[in-house]
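Asker: Since the structure of chain A is already known, use the hints to place chain B on it.
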Amino acid sequence: MISLRGVSLVYPNGVRALDNVSLEIGKGEFVFLVGHSGTGKSSLLRLLYREMGPSSGHIIVDGIRVDRLARGRIPALRRHLGVVFQDYKLLNDKTVWENVAFALQVTGAHTRDVQRQVPRALDLVGLGHKSRMYPDELSGGEQQRTAIARALVNNPKLLLCDEPSGNLDPANTTEIMELLRRINLKGTTVLVATHNQAVVDRMRRRVVRLDNGRVITDEERGYYFLGLGQDQILSG
Amino acid sequence: MKNEGTTSLDWGRIRFFLGEVQRNFTRNAGMQITAIGTVAVTIVMLGVFLYARSAFIHAESGIFNQIEISAYADPSATAPQEDTIRTALAKDPRILSVTFVPKREGLAQMRRLMRGEIDTSLLTENPLPDKFRIRVRDAQEVPAVAQSISRLPHVQNVEYGRQVVQRLLQLAAVMRPVGIAVIVLFLLVAGIIISNTIRLTVFARRREISIMQLVGATNMYIRMPFICEGLLAGIAGTAIAVGALALARASLVPKIASALPWLPINTVAIDVSALVLELFAVGAAVGAVASWIAVGRYLRA
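Sequence lines, in order, name chains A and B.
Position 75 of the first sequence, counting from 1, maps to 75 under my numbering, and the rest follow consecutively.
Position 12 of the second sequence, counting from 1, maps to 12 under my numbering, and the rest follow consecutively.
It should be emphasised that the hints constitute simulated quantities derived from the structure, not laboratory data.
Don't be surprised by glycine CBs; every beta carbon is placed ideally from N, CA and C.
Fair warning: there could be bad hints in the mix.
[What the hints assert, rightly or not] Across the chosen pairs, the derived CB separations fall in these ranges:
#1 Asp271/B to Arg65/A: 54 to 60 Å
#2 Leu185/A to Leu9/B: 55 to 61 Å
#3 Asp211/A to Met224/B: 42 to 48 Å
#4 Val189/B to Gly6/A: 34 to 40 Å
#5 Gly140/A to Val189/B: 46 to 52 Å
[As the list claims (entries may be wrong)] Stretches of chain A that chain B covers, calculated by requiring three or more beta carbons in the stretch to come under 8 Å of a beta carbon on chain B:
#6 83-93
#7 106-114
Looking at chain A on its own, in the form it has when it is part of the complex (with noise of 0.2 Å):
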């Protein structure tokens, strides 16, 4: 699904974001990408989006050589993938329902088809009673619930979320990552930028460990803390 090879980014004041990072994340999967702030675990899932091009190496997402696309062919590549951020990126003057419908009009989709997604989609993230209240009459995990939700109203292979939980208090944060691992489960593949420790340690899912811009390891079923997964599996 994701394929990255030798992924370089420099940013233009010269910082170096990533450092000739290569992965490989299969269909289906569910992975952590985790590491200190700044360790460019945003600026690898702005790549996947194509919100940025690499400096240097491959990036394939979905098939797409997404380092090589040409600008016109973005809005294509974005309506195959779902994007989640920690501020929720909601409408405030748009209900849930307008919110999710919006991912929809605004690519041109028939209305009935608008009409036939748009519940099915509330409906995953359990938010179909709520669908004529507006963003700032919610929760932060309802918030985030609506986004989740627009992110997937196109049935997306690929859910990319930075920071879902950032704004969250434990118990929402349990809710959207109880969420996504339904959402997983229905066959699409999420990537999950965190440094949410606890959420991590209790999914016990791969974990691709950022550092300095460079990957420093990859563990199936890994903990947040290296140490304490070394630890864990040592002793267990």
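Answerer: Coordinates of chain B only, in the frame set by chain A:
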């Protein structure tokens, strides 16, 4: 994916799109009014200018058509000698028509013209020479034709409104480039102001635009509501301007015509509906192009 069935007319989609345009338009109402006002002022100026210009062109052609060369035969010239002048004039392709005014008729004309001013009955003999009244095809040729006539044998004197002709020719030569420059300037000003207005709307909607880009809307789709907004501003401004111009024309033109009767304006011949169409086309184009540029800058950034 879900783009099947786009061939059928989808009212839901059209409603959504119109809603977007309307939201754009009402979001910056204050700035929008400014933009419309600027377009209106610009189009009024442009309209007045074009109107005056075409009035002048009509007047100009009227004046030029009236320009005549008077060639006076030598008073001692005999009839056959005058015939040679006539033949020479007839051969010149630049000359449209020649009217011979014998001196007797010339005197009669003068009597009519001077009635009540000079007592022409005091004239004991006819002091006037025989005259040829010559009309030229192209006003630009008048000086050259006049000169070549003056070189003909038995022609004593040639007269034409030398100064008037030269002034008019100069004026006509200056009018066109100055007019174009002024129009271009007006349009630039209107375009910049519309462009800034659209940029404000774009800025107010940057969050929506970033989400649109995130979920895979094409730049064309993102642009459309803004282009429509610019178009609307351009058309609304033009409508106001055309209304104002129509009022002004109805109330002012007769006054000007009666206050300055010597002004050779011919407003009847002006094709007003073509002018209005031109103004609307210009207003709409300025709006659309300005917003295209404004959004384009944002989308590339």
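Asker: Which of the numbered hints are not met once you compare them with the structure shown?
Answerer: Of the numbered hints, 2, 4 do not hold.
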